[in-house]
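K.L.:
Taken in order, these protein sequences are the chains called U and A. Just remember that the working numbering sits 333 ahead of the position in the first sequence, which is counted from 1. Just remember that the working numbering sits 12 ahead of the position in the second sequence, which is counted from 1.
Calculated directly from the structure, the hints in this document are not laboratory data. Careful, some of the hints might be misleading.
Calculated cross-link-like contacts (lysine to aspartate or glutamate; reagent style EDC-like; alpha-carbon spacing at most 16 Å) [unchecked claim]:
hint : chain 1 : residue 1 : chain 2 : residue 2
1    : U       : Lys633    : U       : Glu816
2    : U       : Lys498    : U       : Glu486
3    : U       : Lys470    : A       : Glu58
4    : U       : Lys519    : U       : Glu546
5    : U       : Lys476    : A       : Asp319
6    : U       : Lys532    : U       : Glu546
7    : U       : Lys543    : A       : Glu181
8    : U       : Lys460    : U       : Glu486
9    : A       : Lys240    : A       : Glu181
Chain A is faced by these chain U residues, among others (derived, beta-carbon under 7 Å) [what the hints assert, rightly or not]:
hint : residue
10   : Leu471
11   : Gln549
12   : Glu577
13   : Ala579
Calculated Cβ distances over 12 Å to all of chain U for the following chain A residues [stated by the list, open to error]:
hint : residue
14   : Ile77
15   : Phe81
16   : Phe94
17   : Lys172
18   : Arg225
19   : Pro320
Note that the Cβ used here is the ideal one computed from N, Cα and C, for glycine as well.
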Amino acid sequence: MKKNNIEWTKTGIDRRHFLKGASTVALSTAAVGMPQFANAAGNVLKTRSYADIRSMDPAFSQGVVDEEIQGAIYNKLIQFKPGSEWGWQLDAAASIEQVDDTHINFALRDDMGFTNGFGAMTAEDVKYSFERIIDEKLESTNKPDMSALDHVEVTGERTGTIVLKNAFQPLWSITLPYITGNIISKKAFEQAGGKIETKPVASSGPYMHKSWEPKQKTTLVPNPDWKGEAAAFDEIQIFHIDDEKAAEIAYEAGQLDFTRVSLGSVERLKANLPANSTLAEFPSLFYVWVGMNLDNPKLKNIKLRQAIQAAIDVPSIMAASYFGAAEPSTGIIAPGLSGHRDQSLTGIEANLEKAKKLMAESGESNVSLKISVLNKSVNVTTAQIIQANLAAIGVTVEVDLHEGATFWGLGEDKTLELVLNRYSMTPDPYYATSWFITEQAGVWNWERFANAEFDKIHKDAQSESDLVKRDAMYQRAQDLMEESGAYKFITHEATPNVYRNTIVPALRPDGMPLYRYFKKD
Amino acid sequence: MIGYIFKRLGLAAIITVLAVTLLFLIIHMIPGDPITTMLGPRATPELRAALEERMGLDKPLPIQIVLFFTNMLRGDLGTDVFSGRAVTAIVFGQLPYTLALIFVSITWAAILGITLGCYSAVNRNSLGDRLAGILSVSVIAVPAFVVSLYSLLLFAVKLKWFPAIGAGEPGNLPDQFWHLVLPSLAIGLSWVGYIARLVRASMLEVLGEGHIRTARAFGLPKSWITYKYALRLAILPTVTVIGVGMGFLLSAAVFTEIVFSRPGLGKLVIDSITTRNYPVVMGSVLFSTLIFVASTTLADIINALLDPRTRKGS
Chain U
334 MKKNNIEWTK
344 TGIDRRHFLK
354 GASTVALSTA
364 AVGMPQFANA
374 AGNVLKTRSY
384 ADIRSMDPAF
394 SQGVVDEEIQ
404 GAIYNKLIQF
414 KPGSEWGWQL
424 DAAASIEQVD
434 DTHINFALRD
444 DMGFTNGFGA
454 MTAEDVKYSF
464 ERIIDEKLES
474 TNKPDMSALD
484 HVEVTGERTG
494 TIVLKNAFQP
504 LWSITLPYIT
514 GNIISKKAFE
524 QAGGKIETKP
534 VASSGPYMHK
544 SWEPKQKTTL
554 VPNPDWKGEA
564 AAFDEIQIFH
574 IDDEKAAEIA
584 YEAGQLDFTR
594 VSLGSVERLK
604 ANLPANSTLA
614 EFPSLFYVWV
624 GMNLDNPKLK
634 NIKLRQAIQA
644 AIDVPSIMAA
654 SYFGAAEPST
664 GIIAPGLSGH
674 RDQSLTGIEA
684 NLEKAKKLMA
694 ESGESNVSLK
704 ISVLNKSVNV
714 TTAQIIQANL
724 AAIGVTVEVD
734 LHEGATFWGL
744 GEDKTLELVL
754 NRYSMTPDPY
764 YATSWFITEQ
774 AGVWNWERFA
784 NAEFDKIHKD
794 AQSESDLVKR
804 DAMYQRAQDL
814 MEESGAYKFI
824 THEATPNVYR
834 NTIVPALRPD
844 GMPLYRYFKK
854 D
Chain A
13 MIGYIFKRLG
23 LAAIITVLAV
33 TLLFLIIHMI
43 PGDPITTMLG
53 PRATPELRAA
63 LEERMGLDKP
73 LPIQIVLFFT
83 NMLRGDLGTD
93 VFSGRAVTAI
103 VFGQLPYTLA
113 LIFVSITWAA
123 ILGITLGCYS
133 AVNRNSLGDR
143 LAGILSVSVI
153 AVPAFVVSLY
163 SLLLFAVKLK
173 WFPAIGAGEP
183 GNLPDQFWHL
193 VLPSLAIGLS
203 WVGYIARLVR
213 ASMLEVLGEG
223 HIRTARAFGL
233 PKSWITYKYA
243 LRLAILPTVT
253 VIGVGMGFLL
263 SAAVFTEIVF
273 SRPGLGKLVI
283 DSITTRNYPV
293 VMGSVLFSTL
303 IFVASTTLAD
313 IINALLDPRT
323 RKGS
């Protein structure tokens, strides 16, 4: 994947600005006698996650927030490589090799161990960590990512073989380098009763868990038993701040060194970046689209659906809802991943002439539709633009707002009409297509899209080892989605991060932090 | 007086049970699937069924209510479905932050408001009284969220005097107090004006009464009359308003906790309602109700202590 993150840097202030600033600060401080909160300094990294943690057990953690911490305190056989291209690097594994479609041999490094006296990391720990996730009794919510695992064979104290039931390409992009790949201490977990909640019982990474203050922050400190490259910070404080604007204020107040910012703030920050800061924009993996429920009688007419596809003007949405900080998408698979399409079938800009022609061919008139939207400002603006776009072809749209819990239950609603939706994604196309198979209709496939060819592609592409062929298969899958008339793809959004120039962040290509690799400048 | 206190406590218990039952019904009536929200997209039907059973959602609503109260009497409010932690532990972990915020806010607001109110009443129609009046009405008109945002931008971002987020290091009292300054300013400011106006009006009424005129005729010192006799009576409506105002303070605390990224009961309620985390919603709602009922009951008891006519009337 080509490097496509963009950076704006504001270096330290020059002498003139320093004198001006220093005199202002000195005067104001002297005049009022108040202490000043300096920028987060010293050897403490202050950063932010967008939610509170849910679990420190890899079998039950839910997504990025938990993994940001687990990635720093646990080791995996392989880890995501920081940078602008998706890839992995060795972590706890000294070597790892796929010997055939279903067998992966690994050897652990001999300097890996667990804190709290739980000893060296062995192949038994790897076996325990992976097999417990597919254990029916544990009821792990992350079982699908480990679904291809049959068992792990221990061949030596530090060597073993991962045996799969079938070839599974996402093993290298999701299973091993993401949540399910975290290796935990068998002894520690067994002593804790087989599963843990929010307090890790043993760490093995460069950092270890110091404390968790619910709804406030998690603190990590260096693991004294860590034998790898020394941890760069004496402490990492991860503040759990839901609101992006609050996080931006905290950054500007000097209380954070690294945070994701809202897309709406990108222009403002580019124009007026806080001192000694860098703003870096990364392409995101999320995908946003307008879906049409194929089972709803109002949307049975494919010409009407195609007219809607043609009438929606994505560039207008990019400008108004995303403030020009995101790019239009061509499907559900983001640039840089296998299966990404360079162009969509229905185009990005509205084609009113074509849309009107399709409307006329559909024979529909006085069409009135409801678009269901999660109540967030970006979604509301997008829905309003779609409302205006469709009004131009004679379709009246009512915007139906829902709060989170109500919105995420809409899949079961057979009367759903249009929906503006957004799903998260992991760096493998299998994850994206899994929600749109026939089996998922009414669950996460809200369009109730049912296509035998699509289902077959989803099943076969998981195990396709020829990457060119796999790429073509996923491209075809997205063509099928679009040809059904049930989808208009909008964007993958973007991840803008702002950070102090005193740190060197290590980020995945989608801008998500890998704290264990963060360094000081 | 003891009889009066028992009567008030009984009433408080009935109000609590009714309010919690009502809130229980409302929460379960609003649309939204807690299981989907909690488990996310990866959940299997078996897992969904297991969680539904664990949360007691497979039982009829009346049974769920009875079970809630039965368990509550045993001190068991259930467990958070996400983290598996006891709801009581979660609520007690957050409660001190909200109580501290409310207590500090109302304390400084009451001290300043009562002082301003007394000054205005004693110096009626003076320049100071007029200024205090303008100031009081001005701060009443400014909503807490505006004060929050502007105080953040000025004192945290621009001047960097106070922290913008968090509640301070656990065990470090000065640091925790430092983190309370801006949030309590945001919540308390409008109360300064409100209390000042209320005290002024009550004081003027009391200062015009016969026993005050008699005290003046006897030549008692002005300060003695004002603070010993007049303020004691004039403060009664203020105590009642502060007691009832706890509900408003809790509402203001929700927003303030979000803006300042502070932990607290308000934020806990919002987060748990959004995710339909029923056990945590009920636990936090129960404690919010208890705070409200306890503060109004306490206000009634203080009123009765200060003015015996109140308890005779009831």
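K.L.:
Taking the minimum C-beta separation from Pro320 of chain A to chain U, is that value above 12 Å?
P.N.:
Pro320 of chain A clear of chain U: closest Cβ-Cβ about 45 Å, beyond 12 Å.
K.L.:
Going straight from one Cα to the other, do Lys543 of chain U and Glu181 of chain A come out at no more than 16 Å?
P.N.:
This hinted pair holds, its Cα atoms lying about 13 Å apart.
K.L.:
Is the Cα-Cα distance between Lys240 of chain A and Glu181 of chain A 16 Å or less?
P.N.:
violated, 42 Å
K.L.:
Take the shortest C-beta to C-beta distance between Gln549 of chain U and chain A; is it under 7 Å?
P.N.:
Check passed: Cβ of Gln549 of chain U comes within 5 Å of chain A, closer than 7 Å.
K.L.:
Evaluate the condition: distance from the CB of Lys172 of chain A to the nearest CB of chain U exceeds 12 Å.
P.N.:
Violated, because the least Cβ-Cβ distance between Lys172 of chain A and chain U comes to about 4 Å, which does not exceed 12 Å.
K.L.:
Examine each Cβ of chain U, and state whether all of them lie more than 12 Å from the Cβ of Arg225 of chain A.
P.N.:
holds, 47 Å
K.L.:
Against chain U, does Phe94 of chain A hold up as non-interface, every C-beta pair farther apart than 12 Å?
P.N.:
violated, 5 Å
K.L.:
Once the shortest beta carbon distance from Leu471 of chain U to chain A is found, is it less than 7 Å?
P.N.:
With Cβ-Cβ at 10 Å, over 7 Å, it is violated.
K.L.:
Within 16 Å, alpha carbon to alpha carbon, are Lys519 of chain U and Glu546 of chain U?
P.N.:
It is violated: about 27 Å lies between the C-alpha atoms, which goes past 16 Å.
K.L.:
Take the C-alpha atoms of Lys476 of chain U and Asp319 of chain A, compute the straight-line distance between them, and say whether it is at most 16 Å.
P.N.:
violated, 66 Å
K.L.:
Restraint: Ala579 of chain U near chain A, CB-CB cut 7 Å. Satisfied or not?
P.N.:
The hint holds - Ala579 of chain U has a Cβ within 7 Å of chain A, the shortest such distance being about 5 Å.
K.L.:
Would the pair Lys498 of chain U and Glu486 of chain U pass a check requiring their Cα atoms to be no farther apart than 16 Å?
P.N.:
Roughly 13 Å between the alpha carbons, so the hint for Lys498 of chain U and Glu486 of chain U holds.
This entry does not satisfy hints 4, 5, 9, 10, 12, 16, 17, going by the numbered hints stated previously.
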